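Chain order of the listed sequences is A and B. Take this note's numbering: the last position of the first sequence gets the number 323, and nothing is skipped along the way. Take this note's numbering: the last position of the second sequence gets the number 1059, and nothing is skipped along the way.
Relax, there's no trap hidden among the hints.
Subject to a maximum C-alpha distance of 25 Å in a straight line, what follows is the list of computed DSS-like cross-link-like pairs (lysine-lysine):
| hint | chain 1 | residue 1 | chain 2 | residue 2 |
| --- | --- | --- | --- | --- |
| 1 | B | LYS697 | B | LYS562 |
| 2 | B | LYS702 | B | LYS562 |
| 3 | A | LYS288 | B | LYS894 |
| 4 | A | LYS295 | B | LYS894 |
Please keep in mind that the hints were generated in silico from the structure rather than gathered at the bench. Computed from a prediction, not measured in an experiment: that's the story for all the values here.
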Amino acid sequence: MNDTLAFSDLEEFYDRLAAAMDAAGAEKESLLLAKLCMTLAHHVGDRATVLRAIGIAAADLDT
Amino acid sequence: MRPAGRGALDSLYFRYPRFAFRRPPELDGAATRHPVIVAGAGPVGLATALELARQDTACVVLDRKDTVSDGSRAICISRHSFETLQQLGVAERFEQKALGWTHGRCHYREHMIYRLTMPHSDDERFFPMYNLQQQYIEQFLIGRAAELPELIDLRWQSEVVGVECDDNQVAVAVATPEGRYTLRGEYLVAADGAASTVRKALGLKLAGENLPGRYVIADVQMQHDFPTERRSFFESAANPHSTVLVHRQPDDIWRVDWQLEPDEDAEIAVEEDNVRRRVQAILDMLGHTGPWELEWWSIYTANTLSLDDYRHGRVLFAGDAARIVPIFGVRGLNNGFDDAVNAAWKLACVLRGEAGEGLLASFTPERRGATLDVFRNAGRSSRFMTPPSRGFALLRKAVLQLSLTQEFTRRFADPRQVVPYTYADSPLTGFPGRDREFAAGVAAGAAAVNCRLGARGYLLDHLGRGFTGLYFSADGEVPAALAGLPGRIGAGLRLLAVARGPGAGTGAHVLVDEQGAAFARYGAGDGTFYLLRPDRHVAARWLTADADEIAAAIAIALGGPA
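Next up, chain A with everything else stripped away, as it sits in the complex:
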């Protein structure tokens, strides 16, 4: 896997994504996130990593 994102960049991503979700609205927010994931997966470019990410995201959903 490539180098991971610097924490300060991750923070900026957090803020921008929250703003984008608010702009999309509750109804379309899932679609926005799905498109985002597809785009990110494409750019990550590593099969094992993106499949593992689905597992990570699916864990602990009931907590």
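Got chain A sorted already, so can you dock chain B onto it with the hints?
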């Protein structure tokens, strides 16, 4: 607020002093023009007075109250503030009472997801953070002020009711139990808090945002066995939809903060029965089974509000009078101390004739710059602690849940505690090209760091009242051109020689860096020079000292030609 049946100052652990009104000469016709008037005897006003006194400048402090803060309020004091308190001559009494701490724990549901560890080492005299109730903070500062009666005239029960300012002086209308008088001064420092009378009298307004999210803060007294750490709880059993914070204070007092849910009515939330119920739920969650007593509580809303200009002619605004910052990261009090010191040393230099308009003009860019930096940091903290929208709430939930198994999101729970602001862009910070020649050390504009010096204590113990030059060398011998600088400069300059080992240089000004810590922390080689301002910030630095440039840097740090 206090429990039913107890008065506003009826505390379980603190005996409130009552300060008498003393009839000032102005009520009997005296027309003294004082160098500085300070409005407000809270921590910021008192720190202003003590720094002015350290600079041998007299002031009159006015406060309408006859005692100290009615509640514990601002309880976290940073290391940088402690280094300031040391310069003000009060660190020892603070250390005896305050609880130092370095760590914190952040929990999501019942899991600990982040361990806060603040930078700390043997080179530090002070802990990264201390907890102490605001009443004690004020009491200790007042105690020090009382030791300096020739320099600090502390006037209680003296309310500022009007301010007039022209090019030559400031006139403050003061209301007292024995009538009104006009107090005249060269300068006024407004440290009179969030509801500043001075600000209103001059028709100035704070601008900015009121953030969503309200917290109830409550103090309880109990025997509770847990170290002094910051504890935060997201979605705990005690407050499933929001956040709880827990801090230990001296005298077996514990601060518990809980966030109200968006639809909760604030007035109902602060009713005593409801406060008791929430406190009990939080103590249950903490596993505290013993008795407890309710001491005091208050409600708090996060704001990012600031004046556009912290200086209005001969009036400088400090602390909450200048700006209101969110509670997260403990920046209100600590930045207030920095405002106080910044205003005070500059006013003292101007009143001594060592500096002019340019030095006072630097107050706003430096201190408002610090505020805007706080807003950036505290804004992030606030968006995490009290998510302002559905998007932020969902993302917080996502990073908290990921933190159960993933390391990479855990830092989002870091409280981003206050760090001193770097005056990199200040008009007082000189020779940026020389600064860039360093690969390490303390950047120009940043606050000086401490170092252990063995028998000689710590580096910051030795700084002067005015500017300090740190000259790094092998043997402590100072070249003639540098040794002549204090005589060349009108403003006070203390030269300290930091030596790798004992050698040719002798005298009290030679500090032997036994462990090499000072050379390392300052990124210094033989011949390196740091110029420190009276407030311990680096005015400029040189890998290899240059006496003419140092003299020029002092002139720049004093705001240009007087």
